[in-house]
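Trainee: Hey, can you work out the whole structure from these sequences and the hints?
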Amino acid sequence: MTPTTFEQIDQTLRSATPFSWCLVWSLLELVPYELSGLAQVMPNLLLMSAFFWTVNRPDLMPSLALFALGTVHDLWTGGPLGLMPLTLILMRAFVISQRRILARRMFVISWWGFVIVATVFGLMSWALASFQADRLFDPTPVAFQALLTIALYPLLARLMAKFQRRILD
Amino acid sequence: MLRKPRSRDGRLADTLLGFGARFSLFLFITLAVAMLVVGRLEPRFLEDSRAVLADLAAPFLDLVNRPVEAMDKVMTWGENLVFVYRENDRLRKENARLRSWQVAAETLAVENQQLRALLGLKDIKATPVTAARVIGQSGGRFFQSVLINAGRRDGVAKGNTVADRNGVVGRVITVGRHSARVLLLNDLNSRIPVKILPAGVNAILAGDNRPHPVITFLPEGVTLNAGDWVVTTGHGGTFPPDMAVGRVLAGDGRTPYRVRLVADFDRLDFVRILAYEQPAEDQGGAP
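The listed protein sequences correspond, in order, to chains A and B.
Counting from 1, one number per residue, gives the positions in the first sequence under this note's numbering.
Counting from 1001, one number per residue, gives the positions in the second sequence under this note's numbering.
In case anyone wonders, no lab produced these hints; they're calculated from the structure.
Take these hints with a grain of salt, some might be off.
Stated by the list, open to error - Now the in silico label distances, taken between C-beta atoms and shown as ranges:
1. Ser1100/B / Gln132/A: 35 to 41 angstroms
2. Val108/A / Phe1045/B: 44 to 50 angstroms
3. Asn1202/B / Pro154/A: 51 to 57 angstroms
4. Gln132/A / Gly1159/B: 38 to 44 angstroms
5. Pro1241/B / Thr140/A: 34 to 40 angstroms
6. Asn1080/B / Thr140/A: 27 to 33 angstroms
7. Ile109/A / Gly1159/B: 47 to 53 angstroms
8. Val24/A / Pro1043/B: 25 to 31 angstroms
Built from N, CA and C at the ideal position, the CB exists for glycine as well.
Mentor: So, in structure tokens, the structure goes:
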């Protein structure tokens, strides 16, 4: 049976959920929350959502989508362009290679996977920024950011899992 | 390496571990690294695409900001309620002190005006372009910039000075149609010529991503006191002269002096955008 046009549109929109979520999260990262110092340690919401969807629906998070999301994120934040696409692509390679462990078991295991991803991202961003500025930055804010990102992951994952159940599965 | 036969139901293993996947991994990593290199040069088209994307994000951020701002107002209100007595006491004292200053300031203003008239000095003033709301932060650890909801449409141009009610905040670095990005004074790339009063010495205020920027190129042997005023000089043509920037923090004699900025960086909401044209006779070799 061939799907009707409406069904096709519906399907396309549903398939775009992960991408749209990631886009919205990276926009939310930009909002000035007017809390002293929060800008310094703003959790990396895009990394969280991209990781979640790559683990759970890698078919809807192809490399091209991740690359585009990373690029837009870097252009928005005004950060070193290329860092986020590189991180997301490497994250995808890591997730895909470990997917059998990450996707099926308990949540704790995928959280552990995220700990690795967030830590590597923190180290990379610190090293890259230090390299570009030609001096060593204070790593404390990066460490805080990584911790906050890791700590908030279960919350965000839970929220998006709800969406996944309702819209995609 | 796993090798599985290609199946048609879209199972992952083969699509992801096959040659195509490895090739795309390689391709995208190369692309990202290339972007890192090209991005370092900050070419013109990058600036343009940043501006276009910021324009696209602006309406959304504007919308999201409202509840956040409302929340912030409620919190401030609560805070004010708790500290109302202590605050009142402090303000009373401050008011008394300021009154005496006001008299001094008025006398000086009159005298200043008379002397200027005597010398035939031309007033160098910045022209206000517009006011704007801060709608986005950089969200980064290594760069300090904000997004404002005014752009080319409102007359904002690259290089314009941005200030809040207390003092200089930074300068405009990219301009979109209805949004612009402002490089804050404490960003690593921010270097502005300043004058320190009352000593009257010129120096450069350099950001290093920490809350308090550093005074560099201070003439040898000059000692500053905590609380000395740091103002813009107008050299280089970006910032209008004599705008308040901050006050010198107590130094330890070994490390360079740092400056507490007067603009409220923790709570940037509304800002003024100023255009400043350097007087013609001043335009020497400065770019």
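Trainee: If you test the structure against every hint from before, which numbers come out violated?
Mentor: Violated: hints 1, 4.
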